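Asks: Start from the sequences and build out the full structure, keeping to the hints where you can.
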Amino acid sequence: MTFLYGDNFKLLKKEDGMKRVYTVILSALVILTFSFDAVFAAGIKFPVPSYEGQELAKLRQWEKTWAGKKITKENIDQIKEFLHEGVYIAMTQPEKFGAETIWCEVVPYRQYPTSKGKIAATMKYAPTSKLEENGMIAGYGQVAGIPFPQPKTGLEMAWNFDGNTRGDASREKQWGNVIDCRSRNERETIQYRWELYWIGRYDVEPIPAFSKKKNPRGIARSFFQRHAAPADFVDTTMIEIKYINPKRLEDLWVYTAMFRRIRRYASTQRSDTIDGTDMIYDDHDGWYTSIIHNTYSAKGRADLLVARHQDRDKLERIKGQGFWSGVQRERVNHWVVEVKNKNKNYVYSKQIWYLDPETWQMNFKTMYNRQGEFWKMYEMFYSVYPSAGNQKTPSYNSEHIMDYIRSHGSDSKREMLELGAEIRTDLFQVKSLKQKSY
Amino acid sequence: MHKKRGLSFIAAVFFFLIPVLLMTTEQSHGAIYFFENKLRVKGSLYEFAMYQTKIKPEDKKFSDTRFGLMKAKATLELLYKAVENDTLEVNLFGFFRWWHDSVMDFDDQRHDSVSRRNRHFYQGPYYDQDDWINELYVDIYRGPWNIRLGKQIVFWSEVEMVRTIDRINPLDLRYTTPGIDPWDEMKIGLWMMRGFYNSDLPGQLVFEWIWIPGDFEGVRTPREGTPMGSGPAPPDPKDPNRPFGQGGAVNAMWRSSQPAFNMRNSSFAFRLRGNSEVELLGEFLNLDWTVSWYHGMNQTPVPNRENIGKPSFSNINTSTINGYLNNLAVSRLTSSPTPNHPRGAWEYKFFDAIGVSCQSFIPPIKGVLRGEISYEIGVPQITAFSDRIDPSPSFAKLMVGTTERDQVNIGITYDVPIMYDWLQGLWGSGGVVDTSIGFFLQERLGNVSRIRSTFAYQDRSQTNFTLMMRWHFWNNELTQVLRTLYNTANFGYVAMTVNWTPGYHMRYETGYMYFYAKDPWDFNQANAENKDFIYLKIGYEF
Chain B
1 MTFLYGDNFK LLKKEDGMKR VYTVILSALV ILTFSFDAVF AAGIKFPVPS YEGQELAKLR
61 QWEKTWAGKK ITKENIDQIK EFLHEGVYIA MTQPEKFGAE TIWCEVVPYR QYPTSKGKIA
121 ATMKYAPTSK LEENGMIAGY GQVAGIPFPQ PKTGLEMAWN FDGNTRGDAS REKQWGNVID
181 CRSRNERETI QYRWELYWIG RYDVEPIPAF SKKKNPRGIA RSFFQRHAAP ADFVDTTMIE
241 IKYINPKRLE DLWVYTAMFR RIRRYASTQR SDTIDGTDMI YDDHDGWYTS IIHNTYSAKG
301 RADLLVARHQ DRDKLERIKG QGFWSGVQRE RVNHWVVEVK NKNKNYVYSK QIWYLDPETW
361 QMNFKTMYNR QGEFWKMYEM FYSVYPSAGN QKTPSYNSEH IMDYIRSHGS DSKREMLELG
421 AEIRTDLFQV KSLKQKSY
Chain H
439 MHKKRGLSFI AAVFFFLIPV LLMTTEQSHG AIYFFENKLR VKGSLYEFAM YQTKIKPEDK
499 KFSDTRFGLM KAKATLELLY KAVENDTLEV NLFGFFRWWH DSVMDFDDQR HDSVSRRNRH
559 FYQGPYYDQD DWINELYVDI YRGPWNIRLG KQIVFWSEVE MVRTIDRINP LDLRYTTPGI
619 DPWDEMKIGL WMMRGFYNSD LPGQLVFEWI WIPGDFEGVR TPREGTPMGS GPAPPDPKDP
679 NRPFGQGGAV NAMWRSSQPA FNMRNSSFAF RLRGNSEVEL LGEFLNLDWT VSWYHGMNQT
739 PVPNRENIGK PSFSNINTST INGYLNNLAV SRLTSSPTPN HPRGAWEYKF FDAIGVSCQS
799 FIPPIKGVLR GEISYEIGVP QITAFSDRID PSPSFAKLMV GTTERDQVNI GITYDVPIMY
859 DWLQGLWGSG GVVDTSIGFF LQERLGNVSR IRSTFAYQDR SQTNFTLMMR WHFWNNELTQ
919 VLRTLYNTAN FGYVAMTVNW TPGYHMRYET GYMYFYAKDP WDFNQANAEN KDFIYLKIGY
979 EF
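Sequence order for the protein chains is B and H. Heads up: the first sequence at position 374 corresponds to 374 in my numbering, and the numbers run straight through without jumps. Heads up: the second sequence at position 367 corresponds to 805 in my numbering, and the numbers run straight through without jumps.
None of these hints come from the bench; they were simulated from the model. Where hints are given, some of them may not hold.
Here are the computed lysine to aspartate or glutamate pairs in the EDC-like style, where the Cα-Cα straight-line distance is at most 16 angstroms [as the list claims (entries may be wrong)]:
1) B:Lys247 x H:Glu646
2) B:Lys247 x H:Glu721
3) H:Lys494 x H:Asp859
4) B:Lys214 x H:Asp638
5) B:Lys344 x H:Asp859
6) H:Lys804 x B:Glu250
7) B:Lys213 x H:Asp638
Quantities reported herein were computed from a predicted structural model and do not represent experimental measurements.
Replies: Here is the structure:
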């Protein structure tokens with residue numbers, strides 16, 4: 001960048017003529033464009049920062065007052081407009097959530113870095129992205145990147161969420177607690193998790209997907225998870241496979257260490273809670289199963305404080321507290337989508353997804369019970385990690401999910417062991433369950 | 439004896455002191471790790487109390503209290519990762535256990551109802567000298583190969599509650615029933631060599647083979663005089679509590695006839711495991727299947743033909759089985775000394791079994807279907823006179839000889855999570871009840887008119903239906919499980935358990951087990967008809 005504005009510019013010779021100047025100006029524009037991490041092509045702009053121009057200036061002005069401030073019950077009303085109701089309730093009624101006080105910190109907004117692969121894949125496939133009649137994205141399994149960088153409908157936003165593969169593969173350690181805020185009883189869980197996207201890949205070869213020879217079963221995404229706590233669940237291991245074909249239900253196998261058996265589980269169990277947490281199987285990573293299981297309607301934008309650059313060590317809580325203190329919140333102008341499952345008897349009457357406009361990650365979602373009451377809130381906190389090819393990619397750092405009706409919470413912290421990892425595909429075979437159980 | 443007590447004391451200290459020390463240190467709530475995570479330690483401490491709610495009037499003389507069990511038990515699991523690199527992985531795994539049932543220490547009648555020797559075998563891990571080691575093996579991975587050498591427990595079954603192809607390890611049924619105690623503690627470990635070859639062939643084929651070089655254990659059925667066993671019979675008019683009746687005699691003979699650790703007594707097994715996808719009527723089915731073969735000894739023996747003796751109630755020759763059992767009955771009726779039983783009079787015989795299993799999620803029925811079939815070739819049987827000649831109840835019949843019969847075992851379960859709207863959100867329930875319905879059939883082939891017993895006398899087949907339901911409250915802190923079994927010979931059980939997991943380590947479980955039976959003489963298992971109990975387990979897992 002500096003050579004355009006500094007002395008280096010003088011190195012250009014006048015005799016090179018206007019043609020040379022035009023070439024330099026054109027090149028400079030391209031470089032300038034890349035320097036803002038945004039690419040324009042065929043009406044596509046990607047990535048799209050949460051704030052630009054005047055909006056960014058206004059935000060910086062607001063941050064002059066609030067950045068670095070600790071927010072507690074005492075001063076929360078001054079920033080209430082930038083907090084979701086769920087956060088506001090927890091922070092103003094901490095005793096309901098097992099705490100004497102719940103606090104958070106305001107930090108300045110920072111634009112996320114976007115990997116070269118994600119930009120390239122988006123620019124390659126987004127211009128021709130279209131939806132099929134059944135709601136599927138055309139060519140699903142052979143495309144990658146964010147399909148609709150300038151979305152018009154809720155369904156397009158949901159597909160954007162689906163297109164964010166967070167480095168294509170990851171290996172992480174997750175430790176969490178199931179917390180009854182009233183009795184202060186807690187149960188700890190520790191898991192190691194290997195996750196692989198088989199399609200929609202943009203950072204790690206093969207791009208955009210594993211070949212049919214390598215992926216004869218048509219897997220879209222899979223994870224392998226081994227439990228290290230609680231004591232009676234040590235070595236319990238599971239594999240879940242999500243298929244490209246949306247008609248195929250997910251397959252789940254669990255090796256239960258205490259029974260020493262590999263058991264198939266019914267995919268219809270997806271609306272059951274996971275090991276007593278407040279999360280159901282579908283909630284994993286915000287939404288784990290096929291996008292076309294739901295209907296979506298766009299609800300505009302919401303400028304809210306969320307944790308996108310969380311320092312995990314700053315999170316704190318006392319025993320029985322179901323909602324983290326120490327969350328480092330920055331403002332982001334979310335895309336808001338109302339989500340309803342096509343199954344009328346689904347456990348949630350509706351969900352509201354708050355999607356990050358830069359990565360299309362889900363920063364949080366709220367869930368409503370069948371009576372339409374506000375039931376749960378699932379906040380995911382992120383950090384930026386080094387990933388394959390010297391890139392940087394935002395991914396999960398920690399989270400909490402609260403049941404507002406029962407004053408119950410589940411939280412976890414994650415240690416990213418490797419992002420953009422090269423994971424052997426044969427890990428996701430049934431035979432691995434017993435073999436890798438310790 | 440004193441030396442053994444000393445060893446028991448050391449074992450008790452070993453099992454109890456280590457966890458106590460670990461509890462006082464800062465630790466993970468899962469397992470505990472040492473030496474840069476190379477050594478993993480986990481285990482448990484439990485107190486298991488069983489209170490009998492239904493004791494027949496004629497059995498009341500065998501106990502002062504209604505306490506059936508007061509069992510303190512400890513388990514310790516050690517995993518040492520000796521080598522871990524890209525080409526080789528070597529793990530050492532050990533699962534050790536110790537227990538002591540103290541009912542016979544404070545209940546004099548119970549104490550006197552069990553012979554001294556059987557009491558010793560029963561109260562702690564002393565039936566065999568290596569009972570305290572449930573598993574101890576080295577586990578080696580290199581490329582697609584995996585070899586496990588040492589004492590191990592093998593689980594081959596897909597279905598629960600009734601075993602069909604899962605036959606490698608015998609069960610210890612002396613204290614309770616499956617479902618109340620965990621399977622890995624009820625199965626008796628065997629010293630074996632087990633190998634796997636994880637192929638890259640289509641279907642994710644895994645080849646598994648087992649060689650058990652002579653380590654044999656029979657099934658351990660409830661001991662006479664203990665809460666789950668029968669009372670000593672026939673009763674001694676002078677001393678009703680005099681231990682060692684017919685049941686004790688049979689157990690003692692079986693134990694003394696148990697084959698030695700000898701290569702000739704080797705058992706072999708082979709299993710092929712695969713995963714196949716099929717498209718059926720527009721639905722994709724992902725099938726997990728196995729094909730297995732087993733060659734080994736039956737876990738219950740039959741008499742040596744030369745030791746059966748004359749099948750007559752007048753035979754009192756104690757060197758024969760019929761004579762000895764007659765003699766024993768007479769000695770109890772006349773209060774004369776207990777005769778010595780004939781040694782090596784029983785024989786554990788080999789048989790073969792071929793098994794097939796399959797499980798898959800079936801989308802149209804929204805559940806998982808599991809099925810197993812086992813064809814057993816030449817299962818040893820005891821013969822008796824036909825009913826016309828000897829109308830005695832099955833277990834009182836005189837033994838005439840031995841024979842073999844083929845048997846077919848079939849087990850099918852359908853597991854489905856059922857969502858109940860009214861349950862969802864109630865006391866923190868997810869609303870889902872995991873439900874499993876089972877059908878189990880055992881069919882004996884050939885003429886059965888002279889078969890003395892294996893299951894029901896002269897019955898060609900037996901059929902069991904099972905139902906298991908599991909649901910949770912308080913975000914899985916509270917788990918309830920209902921298990922029922924109905925055998926068409928009109929016996930079975932209902933068990934209801936409640937498990938509370940309030941925190942990181944403490945575990946509480948209580949339950950009620952109700953048995954019912956038409957006539958215990960019809961069916962061996964129906965002996966449990968008066969064994970109803972409530973129980974409480976308090977445990978610490980680390």
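Asks: For a C-alpha distance cap of 16 angstroms, please report whether lysine 804 of chain H and glutamate 250 of chain B respect it.
Replies: holds, 12 angstroms
Asks: Given the hint that lysine 494 of chain H pairs with aspartate 859 of chain H, does the C-alpha gap stay at or below 16 angstroms?
Replies: With a Cα-Cα distance of about 44 angstroms, the restraint between lysine 494 of chain H and aspartate 859 of chain H is violated, given a limit of 16 angstroms.
Asks: Decide if the proposed pair is consistent with the structure: lysine 344 of chain B and aspartate 859 of chain H, CA atoms, cutoff 16 angstroms inclusive.
Replies: holds, 12 angstroms
Asks: Under the criterion that the straight-line Cα-Cα distance not exceed 16 angstroms, is the pair lysine 247 of chain B, glutamate 721 of chain H satisfied?
Replies: holds, 9 angstroms
Asks: Does glutamate 646 of chain H lie within 16 angstroms of lysine 247 of chain B when you go C-alpha to C-alpha?
Replies: Violated, at roughly 34 angstroms.
Asks: Given the hinted pair lysine 213 of chain B and aspartate 638 of chain H, is their Cα-Cα distance within 16 angstroms?
Replies: Since the Cα atoms of lysine 213 of chain B and aspartate 638 of chain H sit roughly 13 angstroms apart, the hinted pair holds (cutoff 16 angstroms).
Asks: Within 16 angstroms, alpha carbon to alpha carbon, are lysine 214 of chain B and aspartate 638 of chain H?
Replies: holds, 12 angstroms
Hint compliance for this structure: hints 1, 3 are not met, and every other hint is.
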